[in-house]
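Position chain B against the provided structure of chain A, taking the given hints into account.
Protein sequences, first through last, are from chains A and B. In this text, residue positions in the first sequence follow my numbering: the first is 1, and each later residue adds one. In this text, residue positions in the second sequence follow my numbering: the first is 1, and each later residue adds one.
Incorrect hints may appear among the rest.
Stated by the list, open to error - These stretches of chain A come out as covered by chain B in the derived footprint (C-beta under 8 Å, 3 or more residues): (1) 130-140; (2) 183-191.
Unchecked claim - To give an idea of the chain A side of the interface with chain B (calculated C-beta under 10 Å), a few residues: (3) D5; (4) V7; (5) D166; (6) S168; (7) D176; (8) D177; (9) F180.
Hint data in this document are derived by calculation from the structure and do not stem from the laboratory. If you're wondering where the values come from, they're calculated on a predicted model, not measured in any experiment. Backbone N, C-alpha and C fix where the C-beta goes; we use that ideal spot for every residue, glycine too.
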Amino acid sequence: MSDSDPVVLIVEDEPDVAETYRLWLEDTYTVRVAGNGEVGIDALDESVAVVLLDRMMPGLSGDEVLEQIREQGLDCRVAMVTAVEPDFDILEMGFDAYLSKPVKSDQIRDTVENLLERSEYDSLLQEYYSLVEKQATLEATKTSVELEDSDEYDDLTARIDDLRDDLSEMLGGIEDDDDFIATVRELNDAENS
Amino acid sequence: MPKTAKHMYDLSSVLPLAGLSAVRPGSTLLVSGPALSGKEDLVRELLADGVRNRQGAIAVRTDGNGADWVAEIEAAVEPFPGHRVAAVDCRSGRGRDEQELDTGALYYRVPDPADLTGIGIGITKSFDRLRDAGVTETRLALTSLSTMLTYADRRTTFKFCHVLSSRLGSAGYLGAFTIDSTAHDEQTMQVIKQAFDGQIELREAGGGREARLRGLGTDTGEWTAI
Chain A
1 MSDSDPVVLI VEDEPDVAET YRLWLEDTYT VRVAGNGEVG IDALDESVAV VLLDRMMPGL
61 SGDEVLEQIR EQGLDCRVAM VTAVEPDFDI LEMGFDAYLS KPVKSDQIRD TVENLLERSE
121 YDSLLQEYYS LVEKQATLEA TKTSVELEDS DEYDDLTARI DDLRDDLSEM LGGIEDDDDF
181 IATVRELNDA ENS
Chain B
1 MPKTAKHMYD LSSVLPLAGL SAVRPGSTLL VSGPALSGKE DLVRELLADG VRNRQGAIAV
61 RTDGNGADWV AEIEAAVEPF PGHRVAAVDC RSGRGRDEQE LDTGALYYRV PDPADLTGIG
121 IGITKSFDRL RDAGVTETRL ALTSLSTMLT YADRRTTFKF CHVLSSRLGS AGYLGAFTID
181 STAHDEQTMQ VIKQAFDGQI ELREAGGGRE ARLRGLGTDT GEWTAI
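Just chain A, with the same shape it has in the complex:
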């Protein structure tokens, strides 16, 4: 682990469980552990990429912590860890993934990796949008003859094509409903923040 590794915050009131998660993740990520919701909120800042959030905790519950994360407009992904298979409508909840206890090591690693990949998808999508805007500006201000002679326009078009391919390969495009909802939720949060 180094300073440049993505930061994963574990919010879990059972010390043994939190320690287990830490052992599984610390080779790849910078791990922070918080023993309850209040400490968890204090440990949150812009550097946190993924939060593993226990749902049932004394004091602030996981749902309440999640609400605060969303209200603060923090750009992190949240996996809710639940003791039982969720009986609620998981789509309506604001989290990006959920895990049922007992959680296995590969489940945690896969989930964190997938959530980080989604963040990268969001960054690529933003870059893609910026280039499409630039391309549209050139098209609106230059004649088709000028565009044909423009190296800038050629480069831009090539980069847009590459990015489009990258986006469709990442996560298999938007492969499933979870990816779709999480990505749209991120758009909505970005728009409102």
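Then chain B, alone, in the frame of chain A:
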């Protein structure tokens, strides 16, 4: 990819343009034209035509009543397979809610067109419903992006279109999204159309209506009277 529709979508009985008789699964189309050029009627008919051909239909309406569309499709298709039809409305004015119409169609409502997450949830629930019904081919219509653009900025709307197109792509569904071409500047139109595989343009000409197709791997078609 597994589980995706294998069959091409034939849209030519609704709009007889070269290039629309075999549209690749997962393709999305921007349907543009001035007000009253028939964009809404066209995409609603695309849905009804799909339902007649044993496909699913999802109507996402930012500017009107989705249940009205379900009723119009019901009137156009006999017998009406409600379990293959879903509508997402963006004008509940209150929270999100889900209900089943008398016909068995799914009806999901969100407060306003700015609630993109809610719209996404409604679309996902519609996908679930259609999967449960054993439907593999589905058409989704969204009308209109012009309304969405008054609630969300161009960046967010573009990204939403891209992400939804990508989801439709992996599901192998067909998407048609309407936009009023006279309500936005040229930059907006240029940007938004990049989120789609093709574009159907509509216009009035000589007392009648004309359409042409761009993209979908074909050259820009001629204006054709419809």
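A quick look at each hint next to the structure:
1. 130-140: Three-residue rule met by the stretch 130-140 of chain A, so holds; n is 7.
2. 183-191: holds (count 7)
3. D5: Hint violated; D5 of chain A Cβ to chain B Cβ min 28 Å, cut 10 Å.
4. V7: 25 Å, violated
5. D166: 12 Å, violated
6. S168: 7 Å, holds
7. D176: 8 Å, holds
8. D177: 5 Å, holds
9. F180: 5 Å, holds
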